[in-house]
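A.B. asks: Residues per chain are reported as follows:
Protein chains: 4
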Amino acid sequence: MTANQPDPSPELDELYRGFAEELLVPLWTEIGDLMPMSPSPAMRPHAWRWKTLLPLAEKAGELVPVGRGGERRAIALANPGLGGAPYATPTLWAAIQYLRPGENAPEHRHTQNAFRFVVEGEGVWTVVNGDPVAMRRGDFLLTPGWHFHGHHNTSSEPMAWIDGLDIPFVHYTGSAFFEFGPEQVSSTETPERSRAERLWAHPGLRPLSQTAPAMNSPIAAYRWEHTDAALTDQLALEDEGHPGVVEPGHAAVRFTNPTTGGDVMPTIRAEFHRLRAGAETAPRQEVGSAVWQVFQGSGTVRVGEAEWTVDHGDLFVVPSWAEVTLAAATQLDLFRFSDTPIFERLHADRVRVGGQR
Amino acid sequence: MTANQPDPSPELDELYRGFAEELLVPLWTEIGDLMPMSPSPAMRPHAWRWKTLLPLAEKAGELVPVGRGGERRAIALANPGLGGAPYATPTLWAAIQYLRPGENAPEHRHTQNAFRFVVEGEGVWTVVNGDPVAMRRGDFLLTPGWHFHGHHNTSSEPMAWIDGLDIPFVHYTGSAFFEFGPEQVSSTETPERSRAERLWAHPGLRPLSQTAPAMNSPIAAYRWEHTDAALTDQLALEDEGHPGVVEPGHAAVRFTNPTTGGDVMPTIRAEFHRLRAGAETAPRQEVGSAVWQVFQGSGTVRVGEAEWTVDHGDLFVVPSWAEVTLAAATQLDLFRFSDTPIFERLHADRVRVGGQR
Amino acid sequence: MTANQPDPSPELDELYRGFAEELLVPLWTEIGDLMPMSPSPAMRPHAWRWKTLLPLAEKAGELVPVGRGGERRAIALANPGLGGAPYATPTLWAAIQYLRPGENAPEHRHTQNAFRFVVEGEGVWTVVNGDPVAMRRGDFLLTPGWHFHGHHNTSSEPMAWIDGLDIPFVHYTGSAFFEFGPEQVSSTETPERSRAERLWAHPGLRPLSQTAPAMNSPIAAYRWEHTDAALTDQLALEDEGHPGVVEPGHAAVRFTNPTTGGDVMPTIRAEFHRLRAGAETAPRQEVGSAVWQVFQGSGTVRVGEAEWTVDHGDLFVVPSWAEVTLAAATQLDLFRFSDTPIFERLHADRVRVGGQR
Amino acid sequence: MTANQPDPSPELDELYRGFAEELLVPLWTEIGDLMPMSPSPAMRPHAWRWKTLLPLAEKAGELVPVGRGGERRAIALANPGLGGAPYATPTLWAAIQYLRPGENAPEHRHTQNAFRFVVEGEGVWTVVNGDPVAMRRGDFLLTPGWHFHGHHNTSSEPMAWIDGLDIPFVHYTGSAFFEFGPEQVSSTETPERSRAERLWAHPGLRPLSQTAPAMNSPIAAYRWEHTDAALTDQLALEDEGHPGVVEPGHAAVRFTNPTTGGDVMPTIRAEFHRLRAGAETAPRQEVGSAVWQVFQGSGTVRVGEAEWTVDHGDLFVVPSWAEVTLAAATQLDLFRFSDTPIFERLHADRVRVGGQR
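Protein chains in written order, with UniProt numbering: chain S, 1 to 357; chain C, 1 to 357; chain H, 1 to 357; chain X, 1 to 357.
One thing to keep in mind: the hints can contain errors.
No copy is singled out in the list; a pair is fine if it fits within one copy or between any two copies.
[Unchecked claim] Here are the computed lysine to any residue pairs in the SDA-like style, where the Cα-Cα straight-line distance is at most 25 Å: (1) Lys59 <-> Gly278; (2) Lys51 <-> Gln285; (3) Lys51 <-> Gly18; (4) Lys51 <-> Glu22; (5) Lys51 <-> Glu179; (6) Lys51 <-> Ala196; (7) Lys51 <-> Glu103; (8) Lys51 <-> Arg100; (9) Lys59 <-> Pro203; (10) Lys51 <-> Phe177.
Honestly, the hints are just simulated from the structure, not real lab data.
Using the sequences and the accompanying hints, generate a full structural model.
C.D. replies: Structure below.
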C-alpha cells in the first residue's frame with residue numbers, strides 16, 4: 001500500500017464508493033504498484049526441462065491430431081506468475097511443436113510474428129508464402145507477420161522444435177488479425193535451401209531486383225553452419241588478441257534483417273551465444289523479457305534469485321530488469337530471443353551490466 | 001472453445017494434467033481466443049461525464065491532501081472490461097487531476113510519458129525540468145518520460161485538468177522507473193510562456209543551438225490559440241475549395257515533435273478535431289486504442305455498438321478496431337489521444353475507413 | 001607539384017606520352033592538388049555590395065525584358081575563383097532578381113532547389129504550384145525542386161530580392177531537368193498568407209490530412225515576424241540566464257522542414273543570425289560553402305584572409321573550411337544559406353570552432 | 001545561346017560591362033546551358049581497353065617507384081569531355097594500380113571513399129586500419145573514408161587491379177582531408193581472410209559486440225566465391241520459374257553495408273552483373289554517372305551514341321542520363337560502380353527503363 005494515505009472517515013468511504021460506482025480509481029492508493037521505482041513484473045524466472053517437455057509432446061503426438069481448427073500441435077510455456085495464461089513472458093510465447101511422420105499442419109497467416117528454432121532433429125519443411133524451407137538442427141527460421149505458412153513432415157521420424165511468437169503482446173495490445181490458408185501445404189517440394197536463402201543468404205550481397213528496406217528479414221532460414229562459423233571465428237579472434245567477443249570467453253551473434261541491419265522482425269530479437277568452458281558472464285539487466293534455450297553443453301544460470309543447472313534443450317525465462325548470469329561447465333551454446341526491439345523502437349530500452357553498484 | 005478438439009479420454013485427461021503440472025498450455029484449446037480473426041480486446045467502449053467527474057474531484061479536493069507518497073490528486077478512468085484496473089484502455093491512463101489554491105504537487109520523474117489537457121480553467125503552473133509552464137484552457141502540455149515535474153496552483157481558484165499517460169503499457173511490459181524530486185516545485189515563477197516555447201514554438205524554426213532529433217517534442221505547451229487558428233484555417237480553405245480538411249466538414253491537426261515531424265512522445269499520439277455543425281465523419285477503424293474528450297460543443301458518438309450524446313468535458317474510450325463515427329450537433333471540438341505510435345513503430349498499424357464492405 | 005617524382009628520362013617521357021594518348025593521367029603527379037591535407041577550394045572569399053548590385057539590377061530593369069526564354073531577370077554572383085562561371089560557390093547560385101510594376105516572370109519548373117530572400121520591399125507574389133505567396137521584407141520563401149513557379153509584381157513599385165539555388169551542384173553532377181509552364185502566372189490572387197502557410201505554419205501542428213514525411217518543407221513562406229520573434233526570445237533568455245543562444249550575444253535559428261525537423265530542402269540549409277552590438281563570434285570552419293547577406297545593421301566580417309565592413313544588403317561568400325568570424329558594430333542581422341545538407345547526408349561534414357590549435 | 005535575348009545596344013553593352021566588372025553574370029544569357037531540359041553533362045561515353053592499360057601499367061612499374069609523396073602507382077582514366085582532368089566521370093575516379101613483387105604502397109588516410117576491384121591476379125594484401133586483407137581475382141575490397149590503408153605485394157608476381165574513388169566529387173565540393181601514416185604497412189601478416197570478414201561476412205549475422213549502424217560497410221572484402229554463387233542462384237531460380245533476376249537473362253547483386261542494408265559507402269554504389277549468352281538488357285537511363293569493367297566474357301555495349309565490343313578487363317563510362325544497353329555474346333560478367341547514392345540521399349535520383357517513349 002502506498003504511503004501517506006488520507007485518514008479513514010465516512011466521507012472518504014463515500015467518496016471511494018462514488019469512484020467505484022463511476023468506474024474511477026484514485027492514483028494515490030495505487031501509485032506504489034503502478035509506478036514502481038524499477039520494473040517489478042508479475043512474471044517469474046522459471047526453467048522448463050527438455051527431458052520433461054519432449055515426452056509430453058510425444059504423448060500429445062499420440063493423442064492429439066493436428067489439423068484445421070487447432071491448427072498446430074504446440075504446447076506453450078505458461079509462466080507461473082501470469083495466472084495460467086500460455087505466456088512465457090508478458091510479451092512472448094514459447095512452445096514446443098511436434099509433428100509426426102507424414103503429418104501436415106495447415107496453412108494460415110496472422111499478424112503475430114513467429115519463428116522456429118530447432119534444437120534437434122530434421123525432416124520437416126515449413127512452407128512460407130509458398131517457399132519450402134527445410135528445418136534442421138541448429139537452424140533459426142522465420143515466419144514474419146502476415147506470411148502464410150504451414151509445415152509437413154516428409155521423414156519417417158517425428159520432429160520437435162521450438163516456436164517463438166509475440167502472441168501475448170499482440171493479444172494485450174489488440175492488434176491480432178488471422179486468416180486461414182489451404183489445409184494442405186501449398187508446396188511439397190523438399191529442397192536443401194529455400195528460394196529466400198538462395199536470393200538473400202550471401203554475405204553483404206542483395207539481389208538488385210529488391211532494393212527497398214523490408215520490415216522483416218527476407219532470410220527464411222539462418223543455418224547452423226553459418227552461426228557456428230561466426231561464433232568459432234569470434235573465439236579464434238579472441239585467441240589471437242583481437243576484438244570481436246562480447247566479453248572474455250563469450251561469443252555472440254545477432255540474427256539480423258539484411259535490408260536494414262536491424263532485428264529480424266519488428267518485435268523480436270534473436271541471438272546465439274557461445275561460452276567457453278569455464279567462462280562466466282558479467283551480471284546483466286535489461287528492460288524487456290527474454291527466453292533462452294540451451295542448444296548444447298551445460299552450465300549454471302542465475303536469474304534474479306533463481307539458479308538452475310541447465311543442459312541440452314532446457315528453456316528458461318528472464319523477467320524485465322532481472323539480473324542474469326551464465327556460467328559454462330562445458331562449452332555452452334544458447335539460443336536467446338527477447339522483446340527488446342519493442343523497447344528500442346519506443347526509446348524505453350535500458351541496460352545495466354556489472355550489477356547493482 | 002476452439003473447434004475440432006480431440007475426443008475426451010482418460011489418456012487425454014492425464015496428458016492435460018501433465019501439462020498443468022509442468023506449467024504448460026496447449027495451443028489447440030486456446031487458439032480461438034489468443035489469435036482471433038480481428039482484434040477482440042477485453043476493454044469496452046465507455047463514456048464518463050464531466051458533470052459527474054468534476055464534483056467527485058472537488059470532493060476529493062476537500063478530503064484528500066496532495067503530497068509526497070500519493071504524489072497526485074488524480075482520479076483515473078477504469079475501463080469496465082479491464083477488471084477494475086485504473087486503465088482507460090489496455091495501454092493508456094486517463095485521469096482528472098485537481099489542485100486547490102496554493103497547493104503543490106511534489107516533483108518526481110518516471111519513464112512513463114505524460115501530458116495534460118486543459119478543458120477549462122487556469123492558474124496552475126507545471127514545472128518541467130525546472131521550466132514553469134502555465135496551464136490554460138485548451139492547452140496541451142507535455143511531460144515526456146524521465147522529465148522531472150511538479151505542479152502548483154498560484155491562483156485563488158481550484159483547477160482541474162486531464163492527465164494522459166502510458167502507465168498501463170509500461171506496467172504490462174515492465175519498463176517502469178521512478179525517482180522522487182523535491183517536495184516543493186523547483187521554480188515558483190509564473191511566466192506567460194515557458195522557456196521551451198520561447199525556444200521552440202516558432203513555426204518552422206529551430207534554435208541553432210539544438211539541431212539533433214529528439215525523442216520527445218521540446219515544445220512544452222501547445223497553446224489553444226495556435227490549435228484554434230490551424231483548425232479555423234482548414235475550414236476556411238475548405239470554404240474556398242482548397243484541400244486541407246480530413247473529410248468534408250472535418251478539420252484536424254496532429255500535435256508533433258518539431259525535431260522529427262513525428263508524434264510528440266514515443267508511445268502517445270495527440271490530435272485535435274473540429275467538426276462543423278451537422279458534419280458526420282466516415283466510420284473509421286484503427287488498430288490501437290484511443291481516449292477522446294469533448295472540448296466544446298455537442299454531438300453524437302458511436303463506438304462499436306455503443307452510442308452516446310456527448311457534451312463539454314465528456315470523455316469516451318475506443319477499443320482497438322472498433323468502428324467510430326462522430327456527428328456534430330453544434331460545432332464540435334474534440335481532443336483525442338491514442339497509442340498508435342506503438343503500432344506504427346512496430347509495423348502493426350492498420351486503418352479502415354468507410355466501414356465493413 | 002607533388003614531391004618525390006621519378007627522375008626525368010626519355011622512357012618516362014614516352015610513358016607519359018602514352019598516358020596522354022590513351023586518356024590516362026598518373027596519380028603520382030597530381031595527388032598534391034587532388035588530395036590536399038585539408039580543403040583548398042578554387043573559390044575565393046568575396047563580398048558584393050548592395051549599393052552596387054541594386055543600381056545594376058535597376059538598369060537591367062530598363063534594358064532587359066522579362067519573359068519566356070530568358071525566364072528571369074536575375075543577375076548572379078560570379079565567384080572570382082571560378083573562372084567566370086555564374087557561381088557564388090562551387091555548389092550554390094546567388095542572384096539578385098528584379099521585377100518592375102506589372103511584370104510577370106513565366107512559370108517553369110526544374111529539379112534545382114530554389115528559394116527567395118527579401119532584404120527590402122514588397123509587392124511581388126510568387127506562385128508555387130498554383131499557390132500565391134506574398135513576398136515581403138525579411139521573408140524566406142521556398143520553391144523546392146520540380147515545383148512550378150512564376151512571379152508577378154502587382155504593386156506600383158519595382159521589387160528586388162535574392163534568389164538562392166543549387167544550380168552549380170546540379171550542373172556539375174548532371175541531374176538537371178526542366179519544364180516550361182504557362183507564360184502568365186497561374187493565379188493572380190494576392191492573399192496575405194499562402195495556402196501552404198495556412199496549413200503548415202502553426203507551431204508544432206500538422207494537418208491530419210498530410211502525415212507522411214516530405215522531402216521538402218511544405219511551408220512556402222517563413223515570415224519575418226516569426227524569425228524576428230524567435231531571435232528576440234533567444235536574446236531575452238540569455239539576458240535571464242537561460243540557455244538558447246549559440247554563443248554569447250549570438251542568437252540564431254535554422255529554417256526547417258516541419259515534416260522531418262531537417263533542412264528545408266535536400267541540398268540547402270538556411271539560417272538567420274542575430275548578433276548584439278559589440279558581440280563577436282568564435283572562429284568557425286565548416287566543410288561546405290556558404291553565402292551570407294546582411295539584413296540589417298553593420299559590422300566586420302573575416303573570412304580566411306579577407307576582411308570586410310558590411311552593411312545592409314551586402315553579400316559575401318565563404319569557401320569550404322575557411323575560418324569565419326563576425327563582429328557586430330550595431331545589432332547585426334544576417335541571413336545565411338549553405339550546402340551543408342549535402343555533406344551531412346553523405347557523412348562528409350566536419351566543423352571546427354575556436355580556430356586552429 | 002538562349003532564345004529571346006534583348007536587342008544589342010550601347011546601353012546593354014555598358015550594362016554587361018558593369019556586370020563583368022562587378023563579378024556578375026546574367027541568368028538570361030546562360031539559362032540554356034545551366035538549366036537544360038534533361039542532363040547534358042560535359043563528360044563523354046568512352047571505353048578503355050585492358051590490353052592497352054595493362055602494358056602501360058607494367059611500363060610504369062619499371063620506371064616509376066612507389067613510395068611516400070606519389071603514394072600510389074595508379075594511372076587514372078581521364079574522360080575526354082573533362083578537359084584532361086584525371087576523372088572518369090565528374091564524380092568518380094577509376095585507375096589501374098600496379099604493384100611489383102616486394103613493393104609496398106605507404107599507409108595514409110583521406111576522406112575520399114575508395115575501393116579495389118580485382119579483375120585478375122593475386123598476391124597483394126591491403127592493410128586497412130591494421131587489418132590485412134588478401135586481394136584475389138573477382139574480389140571487391142573496401143577502404144572507406146578516413147581508414148588508414150597501405151598495400152604490399154608478398155608474391156613473386158606483379159599485380160594490377162582497379163581503384164575506384166570519389167576524388168572528383170570531393171575535390172569539386174571541397175571536402176578533402178588527408179593524413180600520412182607509416183611508410184611501411186602496419187601489418188605484414190597474410191591471412192586468407194581479414195579480421196573484418198571473420199566478424200562480418202556471415203549471412204544475416206552480426207557480432208553482438210557491434211550493434212550500431214555504421215556509415216560504411218564493415219565487410220573489408222566481398223569475395224568472388226560469394227558473388228559468383230549469388231549470381232548462379234539467381235539464374236537457377238529463373239530456370240525454375242521463380243523471381244530473382246532483374247530482367248530475363250540478367251542476374252545482378254548489389255554490394256551492401258550489412259549494418260544498414262544500404263550502399264557500401266556514402267557516395268559509391270557497387271554492383272555485379274551477369275548476362276546469359278545472348279541476353280540483352282532493356283535500355284536504361286539513370287541520373288548519375290557510372291564506370292563498368294568487364295570481368296569475364298564478351299559482348300556489345302551501347303552508351304548513348306557510342307557502341308563498343310568489350311572483352312575481359314575493358315572499362316567504359318556512362319554519363320548521367322545516357323541510355324545504356326548491354327548485349328552478351330558469351331556469358332558476360334561485369335562489375336559496375338556509380339555515384340547513385342549521392343542522388344538518392346539528396347532525392348535527386350531518377351531512372352527510366354525501356355527508352356524514350
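A.B. asks: Against each hint, give a clear statement of whether it holds in the structure.
C.D. replies: The hints, checked one at a time:
Taking identical chains as interchangeable, the C-alpha atoms of Lys59 and Gly278 are never at most 25 Å apart, the minima being 37 Å within one chain and 59 Å between chains. Taking identical chains as interchangeable, the C-alpha atoms of Lys51 and Gln285 are never at most 25 Å apart, the minima being 29 Å within one chain and 47 Å between chains. In this assembly of identical chains, Lys51 and Gly18 lie within 25 Å of each other by CA distance solely across copies; the values are 13 Å between and 54 Å within a copy. Taking the shortest Cα distances, Lys51 and Glu22 sit within 25 Å of each other only across copies (12 Å), while inside one copy they are farther apart (52 Å).
Proximity of Lys51 to Glu179 under the C-alpha cut-off of 25 Å is found in neither arrangement, the shortest distances being 35 Å within a copy and 45 Å between copies. Taking the shortest Cα distances, Lys51 and Ala196 never come within 25 Å of each other, neither inside one copy (34 Å) nor across copies (40 Å). In this homomeric assembly, Lys51 and Glu103 come within 25 Å of each other (Cα to Cα) only inside a single copy, at 23 Å, whereas the closest approach across copies is 62 Å. In this assembly of identical chains, Lys51 and Arg100 lie within 25 Å of each other by CA distance solely inside one copy; the values are 18 Å within and 63 Å between copies.
When the C-alpha separation of Lys59 and Pro203 is checked against a cutoff of 25 Å, the pair qualifies neither within a copy, at 42 Å, nor between copies, at 38 Å. Proximity of Lys51 and Phe177 under a CA criterion of 25 Å is satisfied in neither setting, with 35 Å inside one chain copy and 38 Å between copies.
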